[in-house]
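Student: Top line first, the protein sequences correspond to chains A and B. The first sequence begins at 1 in the working numbering and counts up by one. The second sequence begins at 1001 in the working numbering and counts up by one.
In case anyone wonders, no lab produced these hints; they're calculated from the structure. Each hint should be verified, as a subset may be incorrect.
Result set (DSSO-like, lysine-lysine): computed pairs, CA atoms no more than 30 angstroms apart in a straight line [as the list claims (entries may be wrong)]:
1. A:K105 - A:K56
2. A:K108 - A:K69
3. A:K70 - B:K1013
4. A:K26 - B:K1057
5. A:K26 - A:K108
6. A:K70 - A:K56
7. A:K26 - A:K69
8. B:K1013 - A:K105
9. A:K70 - B:K1057
10. A:K69 - B:K1057
11. A:K105 - A:K69
12. B:K1013 - A:K69
13. A:K26 - A:K70
Computed footprint of chain A on chain B; a stretch qualifies when at least three of its residues, placed anywhere within it, have a C-beta under 8 angstroms from a C-beta of chain A [unchecked claim]:
14. 1042–1054
15. 1106–1115
The model shown is predicted, which means the values in this text are computed figures rather than measured ones. Glycine included, each C-beta is placed from N, C-alpha and C at the ideal position.
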Amino acid sequence: SQQGEEDPQALSIQEGENATMNCSYKTSINNLQWYRQNSGRGLVHLILIRSNEREKHSGRLRVTLDTSKKSSSLLITASRAADTASYFCATPYTQGGSEKLVFGKGTKLTVNP
Amino acid sequence: KAGVTQTPRYLIKTRGQQVTLSCSPISGHRSVSWYQQTPGQGLQFLFEYFSETQRNKGNFPGRFSGRQFSNSRSEMNVSTLELGDSALYLCASSLGLAGVAGRNEQFFGPGTRLTVL
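With these hints in hand, go ahead and build the complete structure from the sequences.
Tutor: Written as structure tokens, this is what we have:
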């Protein structure tokens, strides 16, 4: 399966701390995306990193990509209670002529005030 | 600019029935993708429509079908509902094709929560 896997499955931290989530995938990719989902709601696109990029920043988010290890990490700095959500990595996958976006199972982040 | 809207937001059906879900993309977006999210299987890609044609398809049975209209609005239909079809169904729109491949950013709607009894 191409499905990425996030690690850890759940993470609980205090406000102001940093949160790091990891994603591993199985086949070569052109890009990797990170999404956030607040409880039972739609996904919000956070950041896309291409295979020729090693690191990308967006506000308090920092994403790294190591294609040799087939892994990515998402760092949220100075976390806030509003960052409480599930975070998913997603990678493109082609099968039988169809392209699709494959999501991992997600990391559930809880930021305690 | 209004976001992606999905109707209805909640739906309860019984086994064997069929259901139609609707998705209105962001104005100007031509691609609509559908996803199923369950606690057990996570987020799974159903299909992507662009310019009224299905361009990409996931690994779901033929009971799951969709279509896209000339105004880019999309509907998803599930026939002969099974208990396992209970899920949050999400649609996402993007400007161009292959939003699923990351070539265009996808914007997700709030989802339709379907419960099959």
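Student: Hints first: check each against the structure and report whether it holds.
Tutor: Each hint tested on the structure:
no.: 1; hint: A:K105 - A:K56; verdict: holds (23 angstroms)
no.: 2; hint: A:K108 - A:K69; verdict: holds (23 angstroms)
no.: 3; hint: A:K70 - B:K1013; verdict: violated (42 angstroms)
no.: 4; hint: A:K26 - B:K1057; verdict: holds (20 angstroms)
no.: 5; hint: A:K26 - A:K108; verdict: holds (22 angstroms)
no.: 6; hint: A:K70 - A:K56; verdict: holds (16 angstroms)
no.: 7; hint: A:K26 - A:K69; verdict: holds (9 angstroms)
no.: 8; hint: B:K1013 - A:K105; verdict: holds (27 angstroms)
no.: 9; hint: A:K70 - B:K1057; verdict: holds (25 angstroms)
no.: 10; hint: A:K69 - B:K1057; verdict: holds (29 angstroms)
no.: 11; hint: A:K105 - A:K69; verdict: holds (19 angstroms)
no.: 12; hint: B:K1013 - A:K69; verdict: violated (45 angstroms)
no.: 13; hint: A:K26 - A:K70; verdict: holds (7 angstroms)
no.: 14; hint: 1042–1054; verdict: holds (count 5)
no.: 15; hint: 1106–1115; verdict: holds (count 7)
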